[in-house]
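Work the whole structure out from these sequences, hints included.
Chain by chain, the residues:
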Amino acid sequence: MALLKMKFSQQRRVRLAQGLWLLSWLAVMCGAFIFCLGVYLKIELLRRDEVMENTEIHVVPNLLMMVGLASIGANWVASRVCQDSLDASRFPRWKVLLLGWFAVAMLLCCLLLAVVVLSYALQGSLEESLKVGLRNGIRFYKDTDVPGRCFQKETIDRLQMEFRCCGNNNFKDWFEVQWVSNRYLDFTSQEVKDRIRSNVDGRYLLDGVPFSCCNPASPRPCLQNQLTDSRSHYNYEYQSEELNLYSRGCRQALTDYYMGLMNSTGPGVLSIILIQLSVLLSMRYLQTAVEGAMALESPEGESEGYILEKDVKATYADVKAKALDLLKFAQVDPTSEAAGAEEGEKAAEATEKAATPPPAS
Amino acid sequence: MAVLKVKFTKTRRDKLAQILWILNWISVVTGVILFSLGLFLKVELKKREDLMAEKDIQYVPNMLIAVGLIACAINFLGGKICYDCVDSSKFLRWKLIMLPYIVCTFFFTLCVLVGALMCYSMHWELEEALNLGLMQAMRFYKDTDMPGRCFLKHTVDTLQIQFQCCGNSGYKDWFHIQWISHRYLDMSKKEVVDRLRSNVEGKYLMDGVPFSCCNINSPRPCIQQQITNNSAHFNYEHQTEDQNLWMKGCRQALLEYYTHIMQSIGLTVLITWLFELSVLTGVRYLQTSLENVLRQGDPDSESDGWLLENSLMETARTNLSIIKSLGKSNQINTANNGDPNIDVPSTSKAHYGPDNVPPKEKMETS
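Chains H and E, in that order, give the protein sequences.
Per my numbering, the first sequence runs over residues 16 to 376.
Per my numbering, the second sequence runs over residues 267 to 632.
Treat the hints with caution; some may be incorrect.
Simulated restraints, written as ranges between beta carbons of each label pair [what the hints assert, rightly or not]:
hint, chain 1, residue 1, chain 2, residue 2, range
1, E, Q562, H, R95, 56 to 64 Å
2, E, Q529, H, P234, 32 to 40 Å
3, H, R198, E, R463, 36 to 44 Å
4, E, Q505, H, V207, 18 to 26 Å
5, H, S245, E, L533, 56 to 64 Å
Far from chain E by the CB rule (all over 10 Å, computed), these chain H residues [as the list claims (entries may be wrong)]:
hint, residue
6, L18
7, M44
8, M81
9, G88
10, K110
11, A129
12, Y135
13, R198
14, N214
15, S297
If you're looking for bench data, these hints aren't it; they were derived computationally from the structure.
Keep in mind that this is a model prediction, so the values were computed, not measured.
Using N, Cα and C, we set each Cβ at its ideal position, and we do this for glycine too.
Below you can see the structure in the form of structure tokens.
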């Protein structure tokens, strides 16, 4: 009982080959699209490399690029097979390759599905990486004279202005860090000395933020210093002021941005999975129909196409038997008899155990 | 004496027609490119409309858009004509239209050239517009509570951040205007009152700039207040400090940006103009050679093609006389009330002798 059997006349076979040829070229374009998507995502991630601590999230664009390239190759092979399928002399050389092709196509579909799942699953890892990266960036903001960290100020300023965010979780993160370098602090001033003495680590902490946190949409000129003191500025109330600085944290802003990127590509990737699956199924039908036609006395006649020669259970048993055969082929002959006897004993024991009723409690 | 005469065999004529057909289609594409460049310029100018005073600079992108559309139409027609010119029977359809078409296209290419030159000349008007516009925008920076001006703070801040510039000519422009609204000034404080009294107009002037002037490449946190006071900040000298704020003025930054766009567009339009001119020359040669073939009668024979049948001076003279006679055909001969049949006696003073001259008598007698 073949699975999903369909009858194919010569004309239907020709049409199937032509349609599949077009579909496989469409799949090649889709593969190119997936590759470009991977490249774009990788570039976007690399641009903000300095505020990310680990590169776990890079597995998504890397997979996309690999799958894109493999898909281009596989679907190009499929189009070649279609071109040769109606020529009885040229089709047999593809026979051996086709089994491998089916395996590769199935693998590609699974990998694409894995990419979609990973892009959701790795959100937590991305957030962690951003949290540590941003924390370091804010800590080293003042170290513009230390090689290896001198770019952090510019990076953080640019990031805050571009993504309209401030600090790691919010602007209060800047209150806990010394972001003014000692080079610019007048240590003879009483105010500076007081601030440094006010905490254990001897850091110059203030309730102020850098200028890049300022919101241009605010109706009043930006207030950056003495933010928690409502009396230090006229007509200002710290608790209710929300337009003065950016209220979003940069970790949240960046996570939203990257999740948005990956989610918007989700539907595209899913439809490409469907296209790849349809190429796979059509190729199977074409292969079985053409092989059936070649086996007939009159090659122009009707033949049958199917997905599996027998139904699922029988095919599974067949495959299992073949696999065991391959394994047994490696073993030496005398032991196979002993193994056969052992197997017979084991089978008898199993039936005995099944026969004896469980002990009553 | 024909101008630049070239001999055309039948195959050369056909090839010329085919090549011109392709070139005309390429010209349609360049017409589309011109149109889109004009549209792009229009959008870019509209984006910064708030910062430009009321000067008529929209005529440049409008001209480019119009030129682009007309180029598409003309070259589409030209393509159709050249396609039909391969077959001399179909050429008869277009024979009468071709000369007016060539003349129109010639004047159109002049328009394209004018368009290209306008791109370069827009520079000065733009500078004026930006100067006035930026001055106004900075003056109304503080008026975030007035409808019609409330967006100017946001516009100026984003401009200074995006173009990395400060003020009109430089950051010192901010010292001459009040950019903090009265709503946020504590009038009970002595310092505020002193500042207000320190100038004639009662403006709150300070040597400080908005946060958007801050330079992100500066190694130290931005100094926005008391910029000219060296003692107000540790390790700071305002004369030598050039990394703290953006040094470029916004007028110059915007001008550079637009000039760059204009120069690229101008170059593209010039190249398009040269291309159109060469297509026009080809069409002229095709027209004259096909007309000569018709005159000779044999469609497969060789014929001459030229740009002008006679030299430039003669052609100019003939055209002028045509234009003059066109003008004269409207005039009426008022001498005999318009009747040409009455014989008007000559009124000149020259005496040409009596009207009836008797025949000469034979003087010789034998």
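Practice prompt. Provide an ascending list of the numbers of those earlier hints which the structure does not satisfy.
Written response: Violated hint: only 13; rest satisfied.
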